[in-house]
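Grab the two chains, each in its own frame, and use the hints to assemble them into the complex.
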Amino acid sequence: MTQAPPPTDAHNDAPVTSEQIPPRTNWFTAARRVVPLGLSQSVIAVVLGVVVCFVIMLFVAENPLEAFGSFVFGTFRNPYSIGSMIAIATVLVLTALAAAVGFRAGAFNIGAEGQLVLGGLAAAVVAGNAGVQGIGAQILALVAATVTGALWIAVPAVLRVKFRTNEILTTLMFNYIAADLALFLVTDFFRDPDSGAVETPPLDESVWLARILPPPSPANVGVFLVVVIAVLAWIFFDRTRTGMRMEAAGLQPAFAEYLGVKSGRYLFVSLAVSGGLAGLAGGVAVLGITHSYISGFSPQYGFLGITVALIGRLRPLGILVAAALYASLMTGATAMQASSNVPFSLVFVLQGVLILLITSQRLGRSGS
Amino acid sequence: MNVFGDFLALTLASLIPILAPAIGGMFAERARASNIALDGCMLVAALAAIAVAAATGTPWLGLIAGIVAGALYASLLAFAAFVLRSDLLIAGIAANLLATGLTLLVVTNVLGSTGTYVPTGVQLIPRIPLGPLESIPILGPALSGQSVLLYITIVLFAVGAVVMNRTRFGVHVKAVGESDEAALAVGIKPVVIRTATLLLSGALAGVGGAYLSISSVASFNSNLTGGLGFIAFAAVIFGRATPLGTVLASLLFAAATALGIQIQGTGTVSPQLLHMLPYVATVVALAVQAIGRRRRERFDVSETNYVPAIIPRG
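The listed protein sequences correspond, in order, to chains Y and D. Residue numbers for the first sequence follow the numbering used here, so the first one is 10 and each next one is one higher. Residue numbers for the second sequence follow the numbering used here, so the first one is 1120 and each next one is one higher.
Chain D extracted, bound-state conformation (with noise of 0.2 Å):
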């Protein structure tokens, strides 16, 4: 194998759990309910995914767990945004937070372990072997021995970018996100789209957070991820919430850490700058859309340039 087949091969690997939450994410983001929490739902599902994994000795089931636990723990974000009406954002944040003490204390408290979960006899998703098609050059060397979750999460992609833009769901999650008058006006219920995004959005970022604990390794700990939600979510701002945009963003991503991963200890460039790249990414691609709107709107008196702020009472 060559240096640049191992590349790829990383960069695929890589991809997976930054693809499947960006999925969600995009649908989210489209439909003005960003969910800051990918992060905290891959966490949960990761853990949700191993220990099903193991009571069970079925990665297949511990994947659907993980899908439902990924699903739940948004719907709590969905609780506190829709019923408790706090900042959609802030209560992200704060899902992030709860998702790292929930299961530090329920890997040492209820399954028992101190810090590092690594049940036994926990079956990881096959990984696929091409066989004779090995010999293809370059594509060859880099597809063969992926995780089946590879496949899964590129038909995901290709069912999102279908479903955002020639069905129904999809029209009515950017409607939403245009304009929740004209919504409300045709009879879409923004409440309803969001909390579905917000879902779906859990669903598949369970897919990587399952890829974390059981196909990558098998074990979990509270770092598993890494920060791995948020360089998604940041895939999706990068990549302005679209299909194409998401695909790209998220393979420049995964490149950057399979690279990350490759030079470590060849000591050319920093592991710890490279690291830095999707956080900067998003920071020019927020800044360079702001700067965009402002153009615009500098001809555009159509809207109020209002700006509401806190208000803090009493």
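Okay, chain Y solo, but in the shape it has when bound (with noise of 0.2 Å):
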């Protein structure tokens, strides 16, 4: 990569236009510094977003105040819904951490949804035929989630290192592939006869992950994994000399290569890991809250980290807030949707708007 010499001079030649054009770059290479510059854009962007939220509620509610009552603060009103919450919360910190840890190595993995299906699914798959019971079926399930899942994000990954390709398409693209790949894996191999769903035969309660509070409620033990999982990789990030090498590599590839980082290396592991834990991800959702793998049991978890991981400014301990804040509005949208005409789907719409405002690259920043 470094073998040629580094023409130097390629930037000088337009001194006059340099304000307004961005380097001469291939788009699909091109400057992606969208990530949030800093904390009142992730505060302005939340507010904005829950602000357009009841301005909808506004004009299409019976009652807009209880309706935009419940999406707030619906959560709080009964222990099962904080129970969802923290359910919730755990897949979101894990798809939010997968897309932070591919963020600061300098790619997107948009892949996140795509890892996490075939993760989930290969837990659900281990889990009912690992032939060991109780822990030991959880943890081979949990490891198989998150093998599947750092497989899965391996061609984009190679591609993207190797030959530099675009990893925003591809691992879109996988999105699609795992979905009708886990369709077809589901429907002819592992499909449970006696149900009507496509889905895999229901787990032994065993298997299912220790739950922390009265059960109906979904809340179960990954969310402390997940807590020293976040833990880990904010030791990681910011304590770490390979944690800074690998954000190095991910700011300016160039400079790392001088270094003496392999750049390419280290982002490649980071995809591996990104991807791993959009799978894990997968599993936790899977052994913690359907117990079976049910085709669509994601409502985009994986679309949703990319929205948490910027809200929390990629950092691990900004995540944990970010995915507790957004569990809180899913949980509440679904209470809204209970007692309201309003449905679920306004979370879709907040995260369309979250994502457009969290990425401007305009909006919290002083001067340019």
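It is possible that some hints are incorrect.
Here are some, though not all, of the chain D residues that point toward chain Y, as calculated from beta-carbon distances under 10 Å [to be verified]: (1) Val1187; (2) Leu1191; (3) Ser1194; (4) Phe1198; (5) Ser1205; (6) Ala1210; (7) Asn1215; (8) Leu1221; (9) Leu1223; (10) Val1225; (11) Ser1389; (12) Leu1405; (13) Arg1412.
Read the hints as simulated data drawn from the structure, not as lab findings. We put the beta carbon where it would ideally sit given N, CA and C, even for glycine.
Below is the structure:
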């Protein structure tokens, strides 16, 4: 990669227009400095997003104030909703960390959804057929989910590292391939013959992740696992040499190469870790919430993870907060759907608005 | 009718919602403004088309509404990319998510139906019977009874190919795609051209969306497109954003779709595996392009291989 001499003067040939024109690069590998720039931007985006939701409710809801109340505070009105919030947040933290690891290493893993779906399927199949019971099966299933997720990103990662293929497009396409593949595998091999839905047989209760709240509530021990993982991620990124190198390789690969950091290798490893985390998220969702692989079990956790990672400013501890916040809005939306005429899909509107606002380079930034 | 005639008819019918958005997507792609939100544009346009067609009783007004809605939705994307300065691909993904949420919201709360919107009294876009020409072997039964939109799409494609290769606008699009500095130097404004191509792609995605809701079926739900916009986008990438390549890729993906419908239930090949084909083809196309570019770059030191990355700050 560094065999050619560095053409250092290439940037100086257009001094007049350098203000308006981005550096000359292929659009596919072009500057993607889209990451939130400060806490103020996260706060502005979340507040604006919720305001947009409120305005929509003013138009469509019969009783906007009540609907808005359920949306924002509905989670905290009964213990069951708090339990679902914790369970959803558990999955969101993992997918958000998956996105953040990719972002910080300089690559976009949009394919978390696909890795999550296949990871979930792998967990369900392994947990159902492992031959062991209890905690052993759980660990095996979660490892299988992680490995599946990491394998699923291997092809886009190799293409990105070796040939600089645009990873946004390849991982996005791999989402759809994963959805078709999972549907194919479940219908042709793993389907529960007693069920009308496309799902695997229900898992034995001994392989469920243990509940931490009374039964109907889906909150489970996975939440401790993800807090540990988030803390480890924080230590890794901010307190170790390898983590700093990884980030340097993402920020400025050429510079990292001059320092003797093999940026390609770091990028590949980060993408594999990113895929693994997304796969693990699928495993946690299946073992902890649905207790079998159900086609369409994910309300787009993978894409939600991107939003959460951006709100959390790519920092593991920020992600914990952002995931809890977002999960409470999702549970609130479920409560809102039950108590008013505003549907759950408002969450997708919120998500779209949030991504647009939070990746904006105009917002929350003084000056340019 | 024989099996092959059926297959051709199905292929041509599947071609409409792939080729129409792909033509617009080709312009956007050529100007380096990848419109990944084709799917969202189609969805919004499909809803607008059926709602207007139901309200006015004229499918043509519905078609126009679809085109306008598609272009308006694409303008949101252009706004995000050029005013808010978000990354275009990420903004496109956000726009797709937003389209699902918005259409579902409008269907349940404004149009007042649960999930699927089936208005009464929607007139479909007419289909053209060929009459005596139907006796032509193979082609006759394949073309007979196709929606008018098929012919409109073919005309749009021809016009698009001419505009791309034979007009000033096409040259400007390609210039912007080649190099921003060069385009600016001769007085072409890249942002204006990119916005124009995005609006164009939204409008043409609107044709595809209108086909789905007021020609193919007379109902709407938020899964109506079923990822067709992404297949159209895949056709653009696979066809390398040239008119000929795009139409051939669209035909290939349409044929795969038709084959998937035909073999459903026969149990020879899983329809899910066939459904994957466009996506796999896109990844292969991207890989082949990237490998080719890498080969050329190995002997070319004129351009920096600077790969900018995300910069988290604060």
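Here is what the structure says about each hint:
1. Val1187: violated, 21 Å
2. Leu1191: Interface hint status for Leu1191/D: violated (15 Å vs cutoff 10 Å).
3. Ser1194: violated, 13 Å
4. Phe1198: holds, 9 Å
5. Ser1205: Given a least distance of 4 Å, the restraint on Ser1205/D holds.
6. Ala1210: Hint on Ala1210/D: holds, closest Cβ of chain Y at ~6 Å, below 10 Å.
7. Asn1215: Result: holds, 8 Å to nearest chain Y Cβ.
8. Leu1221: At 6 Å from the nearest chain Y Cβ, Leu1221/D passes the 10 Å test, so the hint holds.
9. Leu1223: This interface hint holds because 4 Å falls under the 10 Å limit.
10. Val1225: holds, 8 Å
11. Ser1389: holds, 5 Å
12. Leu1405: holds, 5 Å
13. Arg1412: Result: holds, 8 Å to nearest chain Y Cβ.
Checked against the numbered hints above, the structure violates hints 1, 2 and 3; every other hint is satisfied.
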